[in-house]
Amino acid sequence: MEKKQKNGYAGKILFVDLTSGKIETKPLDADFARENIGGLGFGTRFFLDAIKEKPEFDALSADNPFILMTGPLTGMPMNGVARWTVCAKSPLTGFYGDANIGGYFGASLKFAGYDGIVLTGASGHPVFLYINDDKVELRDAKEYWGKDVYEVTDSLRSDFKDRSRKKGQILTIGPAGENIVSFASLIHNKGHAAGRTGMGAVWGSKKLKAIYVAGTGKLTPANPDGLKALRKKLKKVYEESIFIAAMQSTGTTSHMDVGILSGDIPIKNWQMTEWDDIDELGPGSIEEKIYAGNKTCFGCTVACKKEAEVKDGPFKIKKGPAPEYETVATFGTMCLNASIESVAKANEICNRYGMDTISCGSTIAFAIECFENGLISQKDIDGLDLKWGNSEAIIAMTEKIGKKEGFGAVLAQGSARAAEHIGGNASDFLTTVKGLEAPMHDPRSAHGYGLAYGVSPRGACHEASLTFEVEGGAMFIPEIPELSDDFPEGSEGRAKLNVAAQDYGMFFSNCAVFCNLGGAPLNATHAVDMVNHVTGFDYTIDDVMKIGRKVWYLKRGLTNLFGAGASEDRLPKRLMTPMAEGPSEGSVPDMDLMLKEFYEMRGLDEDGIPGKEVLTDLGLDELAELLSIKQSSEL
Amino acid sequence: MAVFESTEKFEEVLGGFFNLIGETSLVADKLLKSKLIIRFNYTDPDLVLLIDCSGDEIDIRAHDTDTKAIVEMKMSADIAHKFWFGKVNLTMALTRRQMVAKGPVPKILKLLPAIKPTYAMYPKYLEENGFSEYNIHS
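Heads up: the protein sequence lines correspond to chains R and Z, in order.
The first sequence maps to residues 1 to 635 in the working numbering.
The second sequence maps to residues 1 to 138 in the working numbering.
I should point out that these hints are in silico values taken from the structure, not numbers from a laboratory.
Predicted, not measured: the structure shown is a model, and the values here were computed from it.
Cβ atoms here follow ideal geometry from the backbone N, Cα and C, with glycine treated the same way.
Take these hints with a grain of salt, some might be off.
What the hints assert, rightly or not - Below, in silico cross-link-like pairs of lysine-lysine (DSSO-like), each with a Cα-Cα straight-line distance of 27 angstroms or less:
| id | chain 1 | residue 1 | chain 2 | residue 2 |
| --- | --- | --- | --- | --- |
| 1 | Z | Lys102 | R | Lys233 |
| 2 | Z | Lys82 | R | Lys496 |
| 3 | Z | Lys68 | R | Lys236 |
| 4 | R | Lys232 | Z | Lys102 |
| 5 | Z | Lys9 | R | Lys295 |
| 6 | Z | Lys87 | Z | Lys9 |
| 7 | R | Lys236 | Z | Lys74 |
| 8 | R | Lys319 | Z | Lys68 |
| 9 | Z | Lys74 | R | Lys233 |
| 10 | R | Lys236 | Z | Lys116 |
| 11 | Z | Lys30 | R | Lys289 |
| 12 | Z | Lys107 | R | Lys289 |
| 13 | Z | Lys107 | R | Lys236 |
| 14 | R | Lys235 | Z | Lys102 |
| 15 | R | Lys289 | Z | Lys33 |
| 16 | Z | Lys74 | R | Lys268 |
| 17 | Z | Lys33 | R | Lys235 |
| 18 | R | Lys289 | Z | Lys116 |
| 19 | R | Lys496 | Z | Lys87 |
| 20 | Z | Lys102 | R | Lys295 |
| 21 | R | Lys235 | Z | Lys107 |
| 22 | R | Lys311 | Z | Lys87 |
| 23 | R | Lys289 | Z | Lys35 |
| 24 | Z | Lys87 | R | Lys268 |
As the list claims (entries may be wrong) - A short list of chain Z residues far from chain R (calculated; beta carbon distances all over 12 angstroms):
| id | residue |
| --- | --- |
| 25 | Asp46 |
| 26 | Glu127 |
| 27 | Ser138 |
Isolated chain R, as found in the complex:
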């Protein structure tokens, strides 16, 4: 692309080989950009290119490429477009892994002149990547290794504050990544997380501690007048959106008041959907006890991020990022822990150590149930009285996991491997799909979620498509019939919902990288228009659905390539056990029905693998060939 293109892209990709230390910059090809849009549209392609010669490798080896890609809108001054993406093979699941993260890092990377970074190899000693506009260096991270996320963020910012007129943005791992906790995350600005699938452990295995970026460039949309007119039109849309009003006032924790009505919130490791103490974890309690302010991502006026402070007591924390809904549920309702202060503390530990709060809290809830059932003793778990609601024990175990200390080292592998270690009937208490702990939305209350979790390439995930947003009601896409239907109770029609939610979702959340919260009020016309105004492309809704479909099959095929099949598309026993009472009483997703329909619609064979013709029709010939070789070798 031209150096000063006016299309939202920065125009360059950084290639960094951590083994040799070689750093290269290559231009972003215009045709490639048009065909793949950005974000994981780029990331999955670069990933496949990097692994196709040697598709069998360990996620913690130097052969695992790590890809970081922004979207074409990242860095634009619009609501809900600050996010960016990462992908690699997951150390937690062993399958394809990715994550999506907000804040300011993505914008800063683009202002520095780069749409993304492809990291290969592994360093022999701790390093960090320093990017200051054109200056890109691998530097010794000796003085930062061993420090927690907050310390490293403050240190790097302070150490380099005079090197650029723009504030440096930092993405870092904490001790959990260094210790190779399987669900270690990447943390930006202390509270934005590329949380899921253990991307922090990938960095730990590569001895990559952090990326520091400062950028002074500018991004220019192709059609600034069109973008301005769209922004004006969307002002009313945002003003009338009660979902946005809820995000602005109480953030994602507003779901505590809504989800309880439908039985969406898992309680006591998914055994209950009602609890007398739940208000202790709701927005009212949060406001009263820990709320300390609002934060936002680049360019976004929604400001759904909150801050928390616990002024005294055993869970005292300084003002910092507040727990999101998922964290309040995993460390709160899942553990029958009614102390919002301790949840804030657990959140801070996870941020400081760099750990996924969903996997961590869920794994602790699993461990509590194992303890309750005598599968592990107090002696096994270093003397902790790991009971339901024991806030102190929950906090202590969280820290042990981050340090991989004592029984924490067992749980640091994730609940699925921990269950194998513990033995007995521990696997009955699991809530994982493909080894990834399920997020805090109950598929027994909305069956489409069950299919979404089952077939998600990265494991149980409510953001692997837009099924949660659409069936849950936060998004309404009137241009796409499957995403604007009524959804009667039950499992009927959920396969077609999932297919459309995946295709559109891959465009929306993965390639264009809209935020599913800040971008929730957008319909498809708004979203496609915004991408076109920025890039100068002329996509139609059909065009972006096709690109999204291709990205879904790429992710699915990669996960198949890494060994996932039909048996990995099933929900665990706990999520298929009907509730005896409550709003979802007696209801379980009909996975047989939904999977049968889904497999037919997606052209997956009985092993859950896309047919060759399906892939070649999408231009995924290389992936088709790799899968064919793999299947032949298994015969």
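Starting from the known structure of chain R, fit chain Z onto it as the hints suggest.
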């Protein structure tokens, strides 16, 4: 075809249910704590019902369009009827503007856990008060 054949019938059914809510301490206590004044503007058939939680007791006033409400809700009678069975996805109804809510969002959200017990009360109320033809569980 609309569930309720007339404003009078709708007022009799829903107004009576709101009175029951006002007399049920499990729900009323939380509503009174909120100090909210909520006006429900229904269509098909048209009806206005005001729930005044600002005093010592819940006061239900039909056709009150004068009192300054803190929260204004607008929806069809059919949506309202379905809602009290717990059969409306609230987020979806608000997103699709089948329900429109105006007022302080945190206070609106705080009402939700308070009204959860009413989902079990509504079908029972319909059966016990001669309105069984409106009970979807019958």
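A quick look at each hint next to the structure:
Distance restraint check for Lys102 (chain Z) and Lys233 (chain R): the Cα-Cα separation of roughly 21 angstroms lies within the 27 angstroms cut-off, and the hinted pair is therefore satisfied. For the given pair, Lys82 (chain Z) sits about 26 angstroms from Lys496 (chain R) by alpha-carbon distance, which is consistent with the 27 angstroms threshold. Under the criterion of a C-alpha separation no larger than 27 angstroms, the hint pairing Lys68 (chain Z) with Lys236 (chain R) is consistent with the structure, at around 25 angstroms. Distance check on the hinted pair: Lys232 (chain R) and Lys102 (chain Z) sit about 22 angstroms apart at the alpha-carbon level, within 27 angstroms; holds.
Between Lys9 (chain Z) and Lys295 (chain R), the direct Cα distance comes to roughly 49 angstroms. Violation of the 27 angstroms bound is thereby established for this hinted pair. Of the pairs offered as hints, the one joining Lys87 (chain Z) and Lys9 (chain Z) holds, with about 21 angstroms between alpha carbons and a cut-off of 27 angstroms not exceeded. Simply put, Lys236 (chain R) and Lys74 (chain Z) have alpha-carbon atoms about 19 angstroms apart, close enough for the 27 angstroms limit, and the pair holds. Proposed proximity of Lys319 (chain R) and Lys68 (chain Z) is contradicted: the alpha carbons are some 38 angstroms apart, above 27 angstroms.
The suggested pairing of Lys74 (chain Z) with Lys233 (chain R) holds, with an alpha-carbon distance near 24 angstroms, which does not exceed 27 angstroms. Distance hint between Lys236 (chain R) and Lys116 (chain Z) is unfulfilled; the C-alpha atoms sit about 32 angstroms from each other, more than 27 angstroms. The straight-line distance between the Cα atoms of Lys30 (chain Z) and Lys289 (chain R) is roughly 19 angstroms, inside the 27 angstroms bound, and the hint therefore holds. With a C-alpha separation of about 17 angstroms, the suggested pair Lys107 (chain Z) and Lys289 (chain R) falls inside the 27 angstroms cut-off, and the hint holds.
Distance check on the hinted pair: Lys107 (chain Z) and Lys236 (chain R) sit about 22 angstroms apart at the alpha-carbon level, within 27 angstroms; holds. Simply put, Lys235 (chain R) and Lys102 (chain Z) have alpha-carbon atoms about 17 angstroms apart, close enough for the 27 angstroms limit, and the pair holds. Proposed proximity of Lys289 (chain R) and Lys33 (chain Z) is supported: the alpha carbons are some 18 angstroms apart, at most 27 angstroms. For the hint pairing Lys74 (chain Z) with Lys268 (chain R), the CA-to-CA distance comes to about 36 angstroms; that exceeds 27 angstroms, so the pair is violated.
Restraint check: the Cα-Cα separation between Lys33 (chain Z) and Lys235 (chain R) comes to about 34 angstroms, which exceeds 27 angstroms; the hinted pair is violated. Distance restraint check for Lys289 (chain R) and Lys116 (chain Z): the Cα-Cα separation of roughly 24 angstroms lies within the 27 angstroms cut-off, and the hinted pair is therefore satisfied. Simply put, Lys496 (chain R) and Lys87 (chain Z) have alpha-carbon atoms about 22 angstroms apart, close enough for the 27 angstroms limit, and the pair holds. A C-alpha spacing of about 25 angstroms is found between Lys102 (chain Z) and Lys295 (chain R), which places the hinted pair at or below 27 angstroms, so the restraint holds.
With a C-alpha separation of about 24 angstroms, the suggested pair Lys235 (chain R) and Lys107 (chain Z) falls inside the 27 angstroms cut-off, and the hint holds. Taking the CA atoms of Lys311 (chain R) and Lys87 (chain Z), the gap is near 42 angstroms; set against the 27 angstroms cutoff, the hint is violated. A threshold of 27 angstroms between alpha carbons decides the hint, and for Lys289 (chain R) with Lys35 (chain Z) the separation of about 21 angstroms falls inside it, so the pair holds. The straight-line distance between the Cα atoms of Lys87 (chain Z) and Lys268 (chain R) is roughly 25 angstroms, inside the 27 angstroms bound, and the hint therefore holds.
Asp46 (chain Z), annotated as away from the interface, keeps every beta carbon of chain R farther than 12 angstroms; the closest lies near 23 angstroms. Listed as a non-interface residue, Glu127 (chain Z) keeps its Cβ farther than 12 angstroms from every Cβ of chain R; the least gap is roughly 19 angstroms. Against chain R, the non-interface label of Ser138 (chain Z) holds: every CB pair exceeds 12 angstroms, the least being about 18 angstroms.
The earlier numbered hints that this structure contradicts are 5, 8, 10, 16, 17 and 22.
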